[in-house]
Amino acid sequence: MPFETELLIHQSVKGRYGVDLPTPEVRNRTGLNARSEIGLPEVSEPQVVRHYTRLSHQNYSIDGNFYPLGSCTMKHNPRLNEKLARLEGFANLHPLQSEEHSQGALELIYQLTDWLKKLSGLPGVTLDPAAGAHGELTGMMMIRKAHEAKGNPRKVVLVPDSAHGTNPATAATCKYTIVTIKTGDDGMVDMDAFNSAIETHGEDIAAFMLTNPSTCGLFEPNVKVIADTLHSIGAYFYCDGANFNAIVGKVKPGDIGVDVMQINLHKTFSTPHGGGGPGSGPVMVTEELVPYLPIPYVEKKEDGTFTLIKENETTIGRIKGFHGQFGMMIRALAYMMSHGADGLQKVAEDAVLNANYILHNLKDDFHVPYPGPCMHECLLTHKKQKENGVTTMDIAKALLDAGFHPMTVYFPLVVDGAMLIEPTETESRETLDGFIEAMKTIAKRAREGDADAFHAQPQTTFRKRLDETRAARKPVLVEEK
Amino acid sequence: MRYLPHTDESRKDMLNAIGAKHIDELYTHVPSETLMSEPLSSLPSHMGEMQVESHIKALAEKNTPTSKLPSFLGGGCYHHHIPASVDHLIQRGEFLTTYTPYQPEVSQGTLTYVYEFQNYIARLTGMDIANASMYDGATAVTEAALMAKRLTKRSNVIVYPCVHPDYIDVLKSYSTHSNGTVELGTEPDENTACVIIQSPNYYGLVFDLKELREKCDAVGAKLVVAVTEIVSLGLLPAPEVADIVAGEAQSIGVPMSYGGPHLGFFACKKQYMRQMPGRLCGKTVDADGKEGFVLTLNTREQHIRRDKATSNICTNQGLCALAFSIHLSLLGETGFKTLAQLNHTQACKLADALESIDGVTLKTESFFNEVTASFPISTELLKDELSKHSIIGGIPVGKTLHSMVFCATELTTDEDIAKLKAAIETILSEHSTNGGLSHAV
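The listed protein sequences correspond, in order, to chains A and B. In my numbering, each number is its position in the first sequence, counted from 1, plus 549. In my numbering, each number is its position in the second sequence, counted from 1, plus 102.
Worth double-checking, as some hints may not be accurate.
[Stated by the list, open to error] Calculated cross-link-like contacts (lysine-lysine; reagent style DSBU-like; alpha-carbon spacing at most 35 Å):
1. A:K993 / B:K523
2. B:K371 / A:K1030
3. B:K123 / A:K801
4. A:K850 / B:K485
5. A:K667 / B:K159
6. A:K989 / B:K114
7. B:K274 / A:K724
8. B:K392 / A:K859
9. B:K451 / A:K666
10. B:K123 / A:K694
11. A:K773 / B:K255
12. B:K523 / A:K724
13. A:K1023 / B:K159
14. B:K372 / A:K1013
15. B:K114 / A:K859
16. A:K849 / B:K159
17. B:K392 / A:K699
18. A:K724 / B:K451
19. A:K859 / B:K465
20. B:K123 / A:K667
For the record, the hints were derived by calculation from the structure and aren't laboratory data.
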């Protein structure tokens, strides 16, 4: 059991400090009176170190154990990447330094761009977006601009009901009307629904946003038909590439008719997710959409040096300050080079192998809504356990007591009580066997029917089940001063 | 491939267990015409740690970072000292390698530091509440404008031209797909959703915000205050008259890293809570009544509200927020104010030095750690000449005005300032003798 620690604000003792700074000469040319009390804690360095070390003990991490969050992709984070991102030549480089002083950074951006072009089969790349959802927004802004250039921005974006919530939110942010396409019984896009939406909305359709491989852990078999249909009415095929890790080195999205795709560097290329960020969401596009790429971007000059392009008449403009999440680009390139073209193909294959291994071993104990094989994640539901009063949430909390982080729960929304499991390629068979064993034990307990015991879980974690309703009804976002 | 635990043998065994002969059998539902027929021959094969390290180190060495030369660059990204404990603690695997805290029982570490971060931002800005952080300052200010539009149901945004140019550019990019206009520095009226001002502004000038607050109140517009240098809040009064304070917190705990990842922040009045973009952490209790934290008010967000969500954002800059919280905790009340004073004092010395140079005029009367000065020669030329003196100059602004914004932080030494002064004097004297002064304003 980790030690308790109080918020530092409450540990404050006047006169303590954790950083020794020189005593400054007091001057004031601000034109205003100096700041009054702020309310920051006064604590020593040992207190701060102990506080955050104790907090770290209250976290589950991929460094500690298996973290099978589906569609989140928790894989090993190599420390080499951390070391390289911290090199003085990168960490202390100011974004407004001259190109002469930043040639190494510009070359790194150029090299990463080249890898992404070759892996995606798409000739245009922007590394500016700060996260996957930001990449979606960037992609949809480019689509809007491209339609506008043809004289009509169009009105409608098609989104499957199994999509990440960011897809409809992004399209709505771009002021599009969302038409939801239902998922068929096989977990794929219902082609009748798709065709009927095409018929109804026709040339009002700006794009279709499809996650492929999908959030059901499946590859869309009609992907080429979908692409051709969209292109025939002048609409764009937007592919949410969040699950690119399942097909990297196996399928080039550019070859199958994708016009725009964002990827998440942390998912396919292992930049650490630090409790929720920073992310990075590069976007790849076809030649036709290259003119609309955001600024700035890097070009190689004839003399072999690199330059930053900051102006361009057709661009959608700037979508983030400076040049994107550069520190994440260093980590991603290091990871790509460590794997190489041969290794990245193995990444996809091992991710798919591991997910199918789990699916195969759990298919008798849990309901499988769609038959295998799956891609890099497998989808189960609580259907069998619910008969005994045990739900997906109960299974998740029971897993915590078994020492495992749960899978993604209640997503995708298209199946009742979804459990989406993504082992990733960096897990060994022994780890997978341990997880499978824990899941089988939970299934057995559920069959034996002690639902009340499930509801009381978790028991062994730092905190027991937290009252989320109370947090939402009476929100406390800050301490009283 | 050291990151992949399977051997060819174990792959075969696992395939056997599944009942497949070859890995391709697991890809049978992928239409064969979509599978790549050939391996990626245009990209190199895998490399060992030594090779990758030497390749990327060589790239880093092609750069000349600001730690190598006296630098006076600011403009929304600042070179500050980061205490050793900060990077040590954020590299603990239990922080570094966790995901979004979807299972709060085993994520109290992340949730607690996010809650502490929200507290710190709220107190620094003088606002009631803050969120768990944003991508960066530019996108945070843009989200503030979008929130003001939702709150007022008005479509137009007024932004002062002294706001960071990247922020204005991002605001304009976003506005091309949302209704309404972005106007530069006009008077607010009944169609104005918000007025955005930056203080200290891009040129370093500090504003008294009271007058603008009154103008906004007269027409019912929101006041958004952008802050690019959060250290300024240790010396300047809190911008508490604002409705929303948004900006960049990179200065505390986060390296410059060629522009990212940085740390956007977003704080506002309590009544706007349900229209806030981004992630929020709230306090609650567990089944034993013990205090704990959870992500909350998720009904505003994309994973519940989908196309009705307040924004499409589904992440925060978690690790950067942690670095900020650790650094700020180490500084504490006294340390943070001392740091602000150190920055300001060095900027005062910088201003003194610039003012004392013949032909140079200081344009910024009230400032925090950045000052703008005008020169009798083009500042593009000045920048190149300073570079020849091994000095990274400031940011040239307004080419016709011959002005440059210089920044000083606690890392700017008295010697750096003396070197800058001497270099400028030499450059100006060289260019006055060869006719360079003919460009004088």
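query: Any hints this thing doesn't respect? Which numbers, in order?
result: 1, 8, 9, 10, 11, 12, 13, 15, 17, 18
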